[in-house]
Amino acid sequence: MGLGLLSARAARSFGLILLGTSLALAARTLAHLPGEVAWRYNLGGWPPPWGIEMSLSPLLALFTCLLLALAFFTLFYSGGVAAYGTVGRWNIRFLPAALLGISGTLSGLLLIRDAFSHYLLLQVLVLVCGLALGLACEQGAKVAFQWTLMGSVGASLLLWGVLGLWSATGTLHFGDILARLFISGDLKAALAGGAFLTLGWAFLLALAAPWPGIQPPPFLAGLLSGGLARVGALCLFFFYFSALNVPGMTHPSWLLFLEHLGVVLLLGLFGWAARRRDLMETLPLLGLAQFGFFFAGVLLGNKAGLTGALVELLAQALGMAGLYFAAGTLRPNVGPQPLSRLAGLARRRPWTGLALIVFAASIAGVPPTAGFFGKYYLVLGALEKGDKFLLAVIAVTVLFNLVVFLRFLLLLFEHRGPSAPPEPPSRAARLPVLLLALGVLVLGLFHQAALNRFIEPALPKAFLELPSPYVPFLGKDVE
Amino acid sequence: MGISLPAALAMLLVLLGFHGVLIGKTPLRRSLAWCLLQAGPCVLALSLGLKEDPLGQALALILLVVGGLVASVLCFLAKLQPTLPKERKGRAR
Numbered sequence: 001m002g003l004g005l006l007s008a009r010a011a012r013s014f015g016l017i018l019l020g021t022s023l024a025l026a027a028r029t030l031a032h033l034p035g036e037v038a039w040r041y042n043l044g045g046w047p048p049p050w051g052i053e054m055s056l057s058p059l060l061a062l063f064t065c066l067l068l069a070l071a072f073f074t075l076f077y078s079g080g081v082a083a084y085g086t087v088g089r090w091n092i093r094f095l096p097a098a099l100l101g102i103s104g105t106l107s108g109l110l111l112i113r114d115a116f117s118h119y120l121l122l123q124v125l126v127l128v129c130g131l132a133l134g135l136a137c138e139q140g141a142k143v144a145f146q147w148t149l150m151g152s153v154g155a156s157l158l159l160w161g162v163l164g165l166w167s168a169t170g171t172l173h174f175g176d177i178l179a180r181l182f183i184s185g186d187l188k189a190a191l192a193g194g195a196f197l198t199l200g201w202a203f204l205l206a207l208a209a210p211w212p213g214i215q216p217p218p219f220l221a222g223l224l225s226g227g228l229a230r231v232g233a234l235c236l237f238f239f240y241f242s243a244l245n246v247p248g249m250t251h252p253s254w255l256l257f258l259e260h261l262g263v264v265l266l267l268g269l270f271g272w273a274a275r276r277r278d279l280m281e282t283l284p285l286l287g288l289a290q291f292g293f294f295f296a297g298v299l300l301g302n303k304a305g306l307t308g309a310l311v312e313l314l315a316q317a318l319g320m321a322g323l324y325f326a327a328g329t330l331r332p333n334v335g336p337q338p339l340s341r342l343a344g345l346a347r348r349r350p351w352t353g354l355a356l357i358v359f360a361a362s363i364a365g366v367p368p369t370a371g372f373f374g375k376y377y378l379v380l381g382a383l384e385k386g387d388k389f390l391l392a393v394i395a396v397t398v399l400f401n402l403v404v405f406l407r408f409l410l411l412l413f414e415h416r417g418p419s420a421p422p423e424p425p426s427r428a429a430r431l432p433v434l435l436l437a438l439g440v441l442v443l444g445l446f447h448q449a450a451l452n453r454f455i456e457p458a459l460p461k462a463f464l465e466l467p468s469p470y471v472p473f474l475g476k477d478v479e
Numbered sequence: 001m002g003i004s005l006p007a008a009l010a011m012l013l014v015l016l017g018f019h020g021v022l023i024g025k026t027p028l029r030r031s032l033a034w035c036l037l038q039a040g041p042c043v044l045a046l047s048l049g050l051k052e053d054p055l056g057q058a059l060a061l062i063l064l065v066v067g068g069l070v071a072s073v074l075c076f077l078a079k080l081q082p083t084l085p086k087e088r089k090g091r092a093r
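Read top to bottom, the protein sequences are chains B and H.
If you use the working numbering, the first sequence corresponds to residues 1 to 479, in order.
If you use the working numbering, the second sequence corresponds to residues 1 to 93, in order.
Quick caveat, the hints were computed from the structure, so don't treat them as lab data.
Here are the simulated distance ranges between beta carbons:
#1 B:E138 <-> H:C75: 19 to 29 Å
#2 B:A24 <-> H:M11: 40 to 50 Å
#3 B:R28 <-> H:S4: 47 to 57 Å
#4 B:P252 <-> H:L15: 20 to 30 Å
#5 H:L61 <-> B:F446: 43 to 53 Å
#6 B:L255 <-> H:M11: 19 to 29 Å
We put the CB at the ideal spot given by N, CA and C, even for glycine.
Excised from the complex, chain H in its bound form:
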């Protein structure tokens, strides 16, 4: 059983996003990395929905709305605290 192109793209997005959330240097970058992470399932749902599956289309739409809401909350919270905790700088050394 092979992996389809949308599934491979979704996996890549999830891996990139997860990596970015863990190593992001500022809260804003971490928030944007989460958007990448969330984009993976959205791509997967959309690709399933495009095969004339109305449930898939509905799920993709809901995911886009929820993802947008959470991303805006994260970016708002990230803007409130521009610097990272000190221990991360220590770890980088």
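This is chain B alone, in the form it adopts within the complex:
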């Protein structure tokens, strides 16, 4: 912030150095993390509930790296293209501080294992994102107000769930909440807490998709959709399975109906997205619709389903950020981007075209992309559980997406050019897109290694091959 007052270039350079250093440190930590167990650290050395525990597993370290890389690309990208539209250059001076705030609070949300700190970080995140949107959008004050208001409503609902769980269990630590809910057998408290936490995060996930009315510049939308929204879903995953997954808990039939309905509605958004004729209207809907796959995996709840949900999240984070960054290379400013402008793009710009094909293939579930393996494990999970309804819904969605993918492929290789061809992208804009496309392919090609190293250690303990008996109790692993 202080450097921003002096010079825009100094602020941007300092932001890039900080994000780059953090990324290098996170990557080094990732390389040194043992595969089986998470690193745990109590802030101030106090045990829960006063002390705040942080936990770092390989998957969380990978997501932290990805998040920092996206924030780095976003800042790098914002310097390479004229991404600010009519927003004054003064605003550019403070954007690096806002991006640092977003990446810092999101990293904290990933690592923290304390429900109240989770709420506090979420509320700070809402404020920092509001600042970033206010600085980067054309109607900054309006967008910042909408985001801050609705995001704070989501945070308040989450707080309501956190306080409800606290009043039922007397603790705020994830592991302790689970242990005490199990001892007391208070399954209603777990269900009510889970409902409020889901509602609270739903506001944030919908806003960060981003919500069609918000329309941030593409580079910032990439960070929100690929970073914030997917990290939020991962936080929800850890809430469900490390705090609320009480052994023996069954969902009532009306709740199961609502959960299935939610998945169907989310996946139904793919149909709505396919009817849009503007890329910037399609992408937010795609960002929202893909949560359907994640929640389908969570709903299945078995090892294959949860593996599919986590692989999907990784693929979506790379894919959505890549698609928004690629959209930014076609037209960096806010405004309509008719799909007709993509006609013949793969012939004129083979690298950008190839990256778009990889991202679209991952969403559609075409091998060997990461998205294919996510959907493969979801189908496997549905078969194992015998949930024919979810199996049918996933299969129909994948088939529909394959048809849309083929139409998109034909459009990219069309012979006729668009009436107004997009401006050539800058070098700064091309690099992140190609790196993200490479990430989607690498994750798909080496999916078995990724499963062993990152996904399996993050699954709930019931699915891990741990020496028995292994009973986590009140924050301690006791035998």
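With chain B's structure known, arrange chain H on it following the hints.
Okay, now just chain H, sitting in the frame of chain B:
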């Protein structure tokens, strides 16, 4: 299991606040409705904290500070844009 008076009051505040955020006619009114919404959890934390629970007292204090900060940001942003988008007027008709 009955619902205590503070919990009932907190629920009422949350419902009123949520309703106000959705239907508020000006940005300032919506911001004030959010303050009501946030007051619900504050009442709940305070009522738990008053039972000689130091953690509850600390949480209630933190919530008041955070709520005040967010409310001031919302009111500041609301003052920057005094009119509502046109579509809300259309919906009212």
